[in-house]
Each structure stands twice: as structure tokens, then as C-alpha cells.
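Undergrad: Here is how the chains run, residue by residue.
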Amino acid sequence: MWKKLRNPVLLFSLVFVSAASWLHAAESAPQSVQVTVRSILAGSKSDEFDPKLKSIEQQLKPLKHRSYRALKDETQTIPWQGSKAFEIPGGRSLTIATQEFQNERIGLKIRLTQGDKPLIDTTVKIPNRGNIILGGPAHEGGSLILSISAATQ
Amino acid sequence: MSQCDAIQESIGRWLDGELKATDSEAVRSHVEGCLACGAARQRLEKIQTTLGGLLRAQASQLEFAPFWREVRRRIDEKRPWHEELIERVQSQLTAPRLAWAVPAAIILALGFISYAKWPLGGQVSNYASVESIDTHGRSVALLREDETKTTIIWLYQDPEGDNENVEEATKSGPAF
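Chains as they are written, first to last, in my numbering: chain A, 4 to 156; chain B, 3 to 178.
Relax, there's no trap hidden among the hints.
Quick list of simulated restraints, FRET-style, between CB atoms:
1) Arg132/A / Ala103/B: 35 to 41 Å
2) Gln34/A / Val91/B: 47 to 53 Å
3) Gln61/A / Trp102/B: 50 to 56 Å
Simulated pairs of lysine-lysine, DSSO-like, Cα-Cα distance not exceeding 27 Å:
4) Lys55/A / Lys151/B
5) Lys48/B / Lys22/B
6) Lys87/A / Lys112/A
7) Lys67/A / Lys151/B
8) Lys48/A / Lys67/A
9) Lys151/B / Lys57/A
10) Lys75/A / Lys55/A
11) Lys75/A / Lys57/A
12) Lys67/A / Lys55/A
13) Lys151/B / Lys112/A
14) Lys57/A / Lys67/A
15) Lys64/A / Lys75/A
16) Lys75/A / Lys87/A
17) Lys75/A / Lys151/B
18) Lys48/A / Lys64/A
19) Lys64/A / Lys151/B
20) Lys48/A / Lys75/A
21) Lys75/A / Lys112/A
I should point out that these hints are in silico values taken from the structure, not numbers from a laboratory.
All residues carry an ideal CB built from backbone N, CA and C; glycine is no exception.
The following block holds chain A by itself, in its conformation from the complex (with noise of 0.2 Å):
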């Protein structure tokens, strides 16, 4: 009888090590965070809105500004544990730095300075391909807004 059974076991405790490995290698950390920033003006002085940021509307839209125009978009891979900066328009600079990956989720630094002048140092955590906005500083009569967005490669 145990004869009999001692395939199958072994057929299953094969395929169950493979599942787990499977899952582990799921779960660790990616090569590289390919991270987009895109930077827009928004205004309140006209009702214009760039449709380059389509795809965002409805996430702009809890800001209440009237006008949104995009500046430049900047896309860069990260590699794992490492940091790239990104050229921001007004003489800004922001680097961001990957953290971790848990939970299909990615841990960014971000550091966003204005020459020496750091403006604001956060951690955060984005779903894997989503974003987060951050805004606020003054820029040619309005605000400027960032949508950081990161996916694992």
C-alpha cells in the first residue's frame, strides 16, 4: 500500500514545493520600478484643459483649479534599491528612490527640492502601476501638480 502511495505523495509534494517557490518569487522584489512623472500647470485663470491628461481628469479633479496643462512627462527605470532624479520645471529637482515591494505594492522615497531647498521629503507606497499626486508649489502664475506613477518591470 505504502508502495503504492509513495508516488503520488511524492507527485504532490513536488508540485505543492513548486506552487510555494512559485508564490515566494511572486511576492520578492523586482528588478527595476519604471517610474513616470509627469508635471502640469494648473491655473484658475482659464477653463483650459490639455487633453494629453485625459487619462487623469478625474483625478485632477478633486483639486478644484480650472485650468490643467501638461509640462513634460519624464519616464525612467529605477533599479531595484536605487534612486534616479527627475528634472522638474521651475529649477526643481525630485528623486525618487524604490524602497520595497509588498503586497503588490511599491515603497518610493521622494525628495522634491527647489535648487538646495528641500520642499518636502515623504515615503510613500503606491499599487504596483498606480500613482500619487503631490502639488503645491508656485509656477508661473498657478500650481504645479506631479503625478508620480510606478510600475515593477
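Using the hints provided, position chain B relative to the given structure of chain A.
TA: Below, chain B alone, put in the same frame as chain A:
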């Protein structure tokens, strides 16, 4: 083991009719041609005859009625529920079943633990979350918008610094 030894070991089963036809024929032909094995057969037959006679003589004096009464009593006896439960559990916990049950239980436990950790299974939030924030003395607002599951960090201008159009930016700050 010589052929005679092997045959003599099989004689008892041959006499009881427990051997296959081919084996039975082999034993029979050997026993008929071998003096030693023939003698062994005769000894066994004698023992069987003696024992049979003895049993038949004793059987008539045996009382089977009490035996069958006890069997009936054991069948009809109402057993406590916990004894039945223990017996049932023991019958389920056979070695082969345990061999399957252990990995199956581990898989179930892992499945339960990982259920909450996966995007389609449970409490994974679609919002970006802010773990820490330092605005270097500036005011900040955090907003979570339910409809689009958007998290917004809004940095308010320092009235004395950060150049550019401070007044405009403050005025046009979000009304959330």
C-alpha cells in the same frame, strides 16, 4: 533448502486444498515418488484425523447458545457517543490518509495566510499610502479621493519663501 524440504512445507496446504492446481500437482507427484515426503504426508494425515475426531467428539458437548447470546448482546449494546467518535476518528487517521492530510493542511494554511496579501484576495488597498512626510516647516494637506482612489499630497506655500507667485498659488490652492 532441498526440494523435499520445500515439498514438506507445502504438504499441509496441499492437504487443505490451498495450493494452485499446478503446485498441487507437483506436490502430489513428488509425494507419491518420495519415501520421506510420503511419510511426512502420512504423519500429517494422521494428525488431522486425530484432531478431527477429537473436535467432533467435543463439539457435541459444547454449549453454543451462551456464545451467540453474547454476540447478540454486543451487537445490540448501545455504546457511548464518545467511544463511537474515538473509533471513527481512529479509523480515519490511517497512515496513508495522514500522508495526504499533512501537505493538504499546510497548503490550506498558506492559502489562508496569503489570501489577504494578494491583489484579488482581500484587503489590498488601491490607494497610495503616505508612510512618512517632512515638509520642512510648510503646511501640507493629504487627500484621499474615493471615486478614483487617488491620494493627493498638497504642499502649501510658505508665505515668505519658495519665490514665484506666492499669492496666486495660495489663492488657487485646492478647495478639498
